[in-house]
Amino acid sequence: MVSIYKIHPAIGIARLGNSESEFYIAPEVPAGLPVECDAQGNPTLNPDGSGPVLVKSFKDKDGRIKRQAARFQVFVYDEDTPDGRPLKLGDNVYGGGNHGTLIDIQWRVYLANKKASWYRFQQREGEHGYDPATQQRRNAQIVGEERDRLIIDPGPRSVDTRTRRRASFDRSGNGTYAATFPPENTAPYTINTLGEILADDQARLLVLGGHGCSGSERSGPGEPQIGDYANNDGWFDDTSDGPVMARLIMYSEQVGQTRFIDVDYPAWVLIGYPRFVPQILDMVTMDDVLYDLNLRQFAYDTSLYGEYGAFDSPTKIPGDDPAALQHWQAGRLTWNRAYKPWFYRDIWPILFRPNEFIYLSDILAQSNFPHDQERRGTFNPCLLGQTPRRFGQYAEWEAASKVPNPVTLACLNAENPDKPRFAATMQAVRESQQSEARVETRHAPLQDNEGLWVLDPYGPMRRFLFDLLRRGGEENEFKVEDKVGSRIHNLPLMPLLCGDNPISDIAAAKFLKLTDYQLFILRQWGEGCFINEMEEGWIDPKTYPVFLPNSVIKPPENGRQLDRGVLSNVLGGAFCPGGEVGWIMRNPSIYREPYRIKADRSWSDFLQTAAQANAQHVSPLDDVTFAIDSPLSQNNNFAVGLQPGDLTKYMALPWQADFNECTTQTINITYADWNNLYPGSENDQRLMLDEKTWETLWWPAHRPLQSNQLTGFDSQGQPETTWTTWSQGIQQTNAGDFKMVSEWWKLGFIIRNPYIPENIAASMPSTLVDQTYNTTSYYSIERYGTMPPVPKAKST
Amino acid sequence: MSCTSDDSTRYQRVREILNDAAEGSAADYGGLGRFWDQGVDYLKSARLHGIAMIAIAPHSCCGHSAKQSDDPLSAASGLIQGLKGAAPFDGHRFPPLPWGGKRVADTDIQFIADWIDAGCPDDDDASAAEAIPLQLEVEGVSYITVRSNTEFGLAATGAWRTTRPGELKQRVNLDCLGEAELDRLRGAFRQLYSLNDWPEDRRSYNNQALIHQNHCQHGWERFLTWHRAYLYEFEQNIQDFFPEITLPYWDWTMPQYRPDQPELGWIIPKSLQAFLTGEAVEAMLAKLSPTATAEQAEKFFGLTEPRRYFVSQNAFFRHVYNVIGYAFITPKTDDLNRRVMIDALLMSNALWYPLRYPAEYQNGGTINQVIHYHYPSAQDIREIMSLNNFRDFGGGSIYDAAFGFLDQNPHNTLHIWTGGQNPNADGKGSYEEGLPEVQTPAMATAQLGERRSLMVRAGGRRFHSRPDMYTQPALGDMFSNLTASYDPVFWPIHVNVDRLWWEWQKLNPNSTPVELDAILSPWNYTQRDTLNTARFGYEYVLNTCFIPVGLDAPVGRFLSQPIPVSERTRGFRKAEVRLHWVPQLDRSCFIRVFLNQPDAGAHTDWRDNSHFAGYLAIFGHGACYGGPGHCAAPPPKAREYDLRTPNHNMPRNHRVDVTDCARRMLEAGDVLQITLVVIGGDYEEEIDLLKLEGVSLNFLD
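Protein sequences, first through last, are from chains U and G.
Following this note's numbering from start to finish, the first sequence increments by one per residue and tops out at 778.
Following this note's numbering from start to finish, the second sequence increments by one per residue and tops out at 682.
One should not assume that every hint holds.
What the hints assert, rightly or not - Not the full set, but computed from the structure, chain U residues with beta-carbon under 10 Å of chain G: (1) Asp182; (2) Asp294; (3) Arg371; (4) Ser584; (5) Ala593; (6) Gln594; (7) Leu659; (8) Tyr660.
As the list claims (entries may be wrong) - With beta-carbon atoms standing in for the labels, derived distance ranges: (9) U:Gly157 / G:Gln242: 40 to 50 Å; (10) U:Asp302 / G:Arg636: 44 to 54 Å; (11) U:Glu380 / G:His73: 32 to 42 Å; (12) U:Ala122 / G:Ser492: 53 to 63 Å; (13) G:Ser492 / U:Asn658: 17 to 27 Å; (14) U:Asp302 / G:Lys83: 34 to 44 Å; (15) G:His635 / U:Tyr101: 47 to 57 Å.
It should be emphasised that the hints constitute simulated quantities derived from the structure, not laboratory data.
Glycine residues also receive a C-beta, built at the ideal position from the N, C-alpha and C atoms.
In isolation and in its complexed conformation, chain U is listed as follows (with noise of 0.2 Å):
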C-alpha cells in the first residue's frame, strides 16, 4: 500500500482580534475552549503534561480580543493506520518513489479577500448561480480591469520550521509579491494585512487571520457610513480564506540526499469573526451541515443514507469519483429505517442545545418551560431515553408498567442528590411522567404488529417532540394550523430561530429546519428504535457526564474527527449570509471528496514540484518567479476549483453590519411565501388589521443578546453577576452596525462558570444547578471597561 499523506482538519477556523501579537489555538472538540500557546504557536501543556492548557483570558492586558489561530498538520495514512495518524518530525516518510526520515514540513498558504468585487449579497439569490441580468456586484460603478483592485491580494506565503518560521500576509508582498491592497486611508481603519502563518516546533502549521480592521475608501461628507446589513461600496474587511499546502522534506540515506514530496491536496483555511460563546453549540452547526451533506452527496455512510434494500450489505462508493457519485445518486436513496441512533450520543446532544440559550437571551431566560430538562420537563432525558418495551403476555406488560424502571430510577438518584430516598420511590417515578407531555399526541396501539405487548411510557412525549420539528418544506411554516385534532395544533414549529431568508419574497425561508440526518435519526428515536447506551450496559449512569453531553468526545486522534471537531464550533445556519461562511458550504460542486474543498491549484500548490525541487536539491521558500497569465478571478468556476478569498466573499461587508443586526428579526408570519406585504399601498385595511410578526432569534450562540456579566465575588470566593444587555450602546441600526465596527473587540466572551464543580454540572440540568447552588451557569467575562474582578476567597 502506499503511504498517503493529508492536511487536517481539511478546513480550518481562525479568527480575527486586534490584540497585536497574541494569540490561541482553535478549539479541535465541540464547544470546546481554545488551547493556550507560546509566541511560535507551541501548545501549553499541563505541569503534569496530562494535557493541553485551555484558554481562560480571551484578551491581552490591553483588553485586546487575542487570535484564534487555525492549526494544520499532516496525517499518514498506511497499512499501520488506514485511519491516519499525525506525522512527526524524525517518522519514516514514503512517496514519489523516495524514502527517507522527515526533516521538516514546508507549508504554503494564499489568504485572499474578494467580498468587495463579488455580488451584493441578496439572501438565497446566487445559491443556485446568479442571473447575470438582475445580479448586481458590490461596487458596480468600479468596472473592467479596475475592479481587480477590489482584490485584497497580498500573494502566497511560505514557512518552514528550519528557515523561515514566520511569515505576514502583509503589503509588503514579502518582497516578492506585487500585493493588491484596498487604500491606506480607508476609514475608521486600515487594513494593512490579511494575517500571518507560523511553523511550530512539531512542523505544524498555524494560520492568524487579520486584526478586524474594517474601512471604508470613500470620504466627504457622511462618510464613511454604513446603510445595509451585508452590502456597503467602499468598504473592506480584514477576513479572508484560502487553501493551505504542505511539502515533506525528507533526507534519504539511500541516495545521501534531501528529496521532497507533497501532501495529497490542499486543505482549506476560514477566517471569521471570534466566538464570543465558545462552550455552547450552535443549534445547526457546519459539522451538522457537511455530516448530512456528505451521506446524501458523497456516500460518506452507505449503512446509513443509501440505496434501498442494500442496508445489510452497503455499497463502498468513492466520495471522490464524480461518476459513480452520479450513479449512486441516481439510484433509490434512502435513509436506512432500521438504523438504531443511540441516545447519548446521538439524539440528547441535540436535545440539550436549545436549553443552553437562556444564558444568552432574555426572551429564553424569562420563559423557558418548554425546553426544561429538570424532573417535570419535556426535555428530560432519563424519560426521553427510555427505549419500548415488549412481552409476550399481557399479565408480563402490566406487572412491568408497576416496577420502575431502573434507568430511570439511577437518573432520579443522580438528579435528586438531596432526596436520595425520594428518588426511589414510585411517586417521583410518576411525578416525572405528569409532564405537560402526558398527553398523546398519537396514540401507539398496546400490541406491536407481531403481537407482543408494548410498554412503551415515553413514546407519546417523543413523538411530541419530533411532531413540533419543522421538516422539509415547511421553511416558511410558523406553526401547524390545519390539524385542529393534533397536539401540536397551534404550537409553532421548532426550532424557532430565523431561516436563510425571512427578509424578501424571493426564495423565502423564514424559519431555521434541522438537517435531514438530524431530522431522521430524531424520528427514529421518536419511533422508539434507538439504543439506549445505560439500558445496554454500555455506559454508566452514575458516571456518564448527561448535561455536559460535549465533554465525552475526546481530542482528536485522526484527521476525520479532527476535520468534524473544529467545524463543530462554526456557525451551521441560518445562512443569512450566516457566521463565518454561508450557504456556499451546502454545494456539492466545491468538494473534492468529503470534508475537503476542490482547490483550483494553480492557486494553491507550490511553484515547483516537489520533482523539480528533487532535481534542484532545494525547495525554495519565496515563489519569486511567480507568474500567473490572469489575477485572481471575479468569477467562479466550480469545475476547477476554489481560489483564496471563495468562501468569504458571499458574507457580510464589513462583517460587523450583519454581526450586530443578527440578533432577533421581526418575521411576517401573516402568510406562509411572503416576508413583504404592502397594506398601505392599496389602503387594504383588513390586512394591516391581520399582520401578524414573531420576533425572532437568529442564533444565540453565535451573536448573544443578553448574558449574566461577572460583576465580582462574593465572601465564598463564589462569581457575582447581573443580568443585562451583551451589546451594550450598539442598537439594532445601521448606525448601530457601524460602531460595531469599532466596539466589537470591548464585547465579553461568555463561558461556563468555573466555580461549579464538573461532577455537579454533569449530572444535573443547568437550571436545577443554578437554583440549587445560587449561581449561574454561564457567565460573561472580560467585557472592556469592566475591571478583571479578582475572586476574594479560594473556591473549595
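Use these hints to put chain G onto chain U, whose structure you have.
Chain G in isolation, oriented as in the chain U frame:
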C-alpha cells in the same frame, strides 16, 4: 489431537466462551438477553437490533449445496462480526460483542466460527469433532469424452499477429517475448540501421534518432505527450517494413532486476545484452590475430550454447581476457582484436550497443553513491502512480515549467542507469582481473549536469558507423538526451514510461497537461491528440497468446491446448479471454468460459465451480429480412472513401474477464487451458453456431 474424555458438546463450549467473556455485564441486548445461553434454536433465530446473529444459509439451488461458496456462513453472522469488532460492530453502529464484557480470543472466535460453519450442531462432541475427517467432495464428477478435433493449437508467432479492424495492436512486455519475436525485432532494427547509408533518407535509424536530438521535450508537461508521438512515429516507421511488429516495453521493476540491489540483478534486459551467435564466432575467429588456440576457440563457441549474456563490453572483454584466456586485447580504441569482437557482438545482437555501460560508475561505485539517484522499485512506481494531478506526475506548464515525478526519476534514472560511466574511458586501463580501475576524481553533484553535457558529445560523431562503435567515451550515449535514442535501449524504456502514463490516465481520466492545443514539433500533433492511445492504434498487455480457429466452419465446443504461463507473466493485474472477429450469429447464445476443465459442457455446474471463469451473451441476428446479400459478411476493410458507419453485419470482438479464475488455476499449476461452451436458448450445447477467427488469452499489467 485431544483424546481426553470430554463429553461436552461444541455448543456448550460456545456458551462457556461467551459467558466467560460477558461475565459481570448486565447488557440486555435490546431485549434478547444472553441470546447464546438459551439454546441453539434461540441463538439461530436471534436478531440483535435487526442483525442476525447466525446468518441464514442461502438455500441450495438445483440440488447443489451452497457450502462451497467463498464466504463461509460464519463471516456473514452477526455473532462473529461482533466478536471480531467488524462492521457493523466496529463501534459506530454497535460496539463489539459481548457488550460490557471482555473481548474473546481469536482462537475461541475461530472455534465458534467453525461451529457455525458446521451448521450449529446441538449435540456433537467437542473433541470428536476434530477427529472426523473432512468429507471429500467427490460427487458429480463424470467424464465426457472430448471430441478430438476441438483442441486448437497455439499460434506459433505468439505476440505479434495481424489485427483486424476495430482491434488495437498490442505492445507487450519485452521480457515475455519469445526468441522468435526478438529475432524479428532485431531484424527490424537492422533494417533501419541499413538505411543509414543514405544520409538523407528520413526513415533511417539515425534520422529517426536525430528527431530526439533536435526536438525532445523534458522537464515539463510536454515530456509525456512528445514522447508518445515520437514512439508512435518510430513504430510506424518500423511497421512500414514489418506491419505486425510493435515496440515492446521494459518493466524495469520486475523481480529479475532486483530493484533493491539492482547491481545484482539483470541490470538490463537479456535481449539487449551482449552475446555471441555461432555464426559470429566463426567470423570473429577468422580475423583474430594472433589466432585463438583450439581450447580458446572451443570456449568462444561455449558462449553460444547455452547463450552467455554480458551486460557491457567491459564485462565481455574481461571474460575473454581472464576466463577464456585470450589476452591479446586492450581497451585502446585502435585495438584491432577489440574491433573484431565488437563486430561479432553487433552481428549477434542488433539490440546491443557498445556505447552503453549499464550500472558502471566511477571508481566502481554504485548509482546511489556516485549519482545520488536510485534504481526505481515497484513500490516507487506505485507511489508515483498514486499522484493525483498531471503536474506532479508528468510536469508543469509553461508558467511553472517543472519536472513531473515520472520524468525526473525513474525516467532520468534509467537513462543514467543504462548509459553508465565507461570504466575504460579514453581507452585507459586493462581488462586483466585484479588490476585497479582507472581512478577519476569524484564529481560534486551540483556539477553533474554541467559535466554531463560536457562529456557526452554529439558533434562530429557519425552514429552507428563502425568507427563510432569502437570509441571509448566517458559516458554512455543514454546519459544525454542528445545521444540517447541512438542506443536501442532507449525505446523499451520510453515505451514503459508511456505505458505508465497510459495506466495513470485510466486512474486520472481528467488530469491533462494545461496547454492542450500546443503543437508537438516537428509533427503536427497537438498535446490533446496524444491523450488517447487508441487513436494511435495500440494498447499495452503484459503477454498474450493467440489461438487461431478460422472462420470456415462453426466450432462446437472450443478447447485450447494448454497454454504455458511463465513465472514472469504471473504478476498480471487482469486476465482476459477475447473472442476475435465473431460474425453475426443466427441465434442468441451464452458462451461460458472454463479454465482447466477440458470436459466442461452445458450441464457442468458453474455456480460452485472454481474452474468457471465467466460468460458472455451474444444476441442472435435472426433471419434476414432483406434481399440477396443483405446480410452477407462485409469486406474486412471498407472501400476507400467509404466513410459510413460500419456495416451492421461487421464481425465483433468479445472479451471475458477471467482474472479470478486464472489466479486460482495458477496457484496449482503453470498452464491454462480454455474451454468455451456455447449454450443455446434451450440451455443445451449449440455445436453449429459460433464462428470466429480465433481466441486469445491476454494478461494485463
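Do the hints match the structure? See the list:
Contact between Asp182 of chain U and chain G, as hinted, is not supported at the beta carbon level, the nearest pair being about 27 Å apart and thus beyond 10 Å. Restraint check, Asp294 of chain U versus chain G: the minimum CB separation of about 8 Å is within 10 Å; hint holds. Annotation: interface hint on Arg371 of chain U holds; nearest CB of chain G at approximately 7 Å, less than 10 Å. Restraint check, Ser584 of chain U versus chain G: the minimum CB separation of about 8 Å is within 10 Å; hint holds.
With its C-beta approaching chain G no nearer than about 4 Å, Ala593 of chain U sits inside the 10 Å limit, and its interface hint holds. About 4 Å separates the beta-carbon of Gln594 of chain U from the nearest beta-carbon of chain G, less than 10 Å, and the hint is met. Interface hint status for Leu659 of chain U: violated, as the beta-carbon distance to the closest one in chain G is roughly 49 Å, over 10 Å. Restraint check, Tyr660 of chain U versus chain G: the minimum CB separation of about 51 Å is more than 10 Å; hint violated.
For the pair Gly157 of chain U and Gln242 of chain G, the supplied restraint of 40 to 50 Å holds, since their beta-carbon distance comes to about 48 Å. Range check, Asp302 of chain U to Arg636 of chain G: about 28 Å between beta-carbon atoms, so the 44 to 54 Å window is missed. Between Glu380 of chain U and His73 of chain G the C-beta distance comes to about 38 Å, which sits within the given range of 32 to 42 Å. Distance hint for Ala122 of chain U and Ser492 of chain G: a CB-CB separation of about 38 Å, inconsistent with the stated range 53 to 63 Å.
Between Ser492 of chain G and Asn658 of chain U, the C-beta spacing of about 49 Å breaks the proposed range 17 to 27 Å. For the hinted restraint 34 to 44 Å between Asp302 of chain U and Lys83 of chain G, the CB-CB distance of approximately 39 Å keeps it satisfied. A hinted range of 47 to 57 Å for the beta carbons of His635 of chain G and Tyr101 of chain U is consistent with their spacing of about 55 Å.
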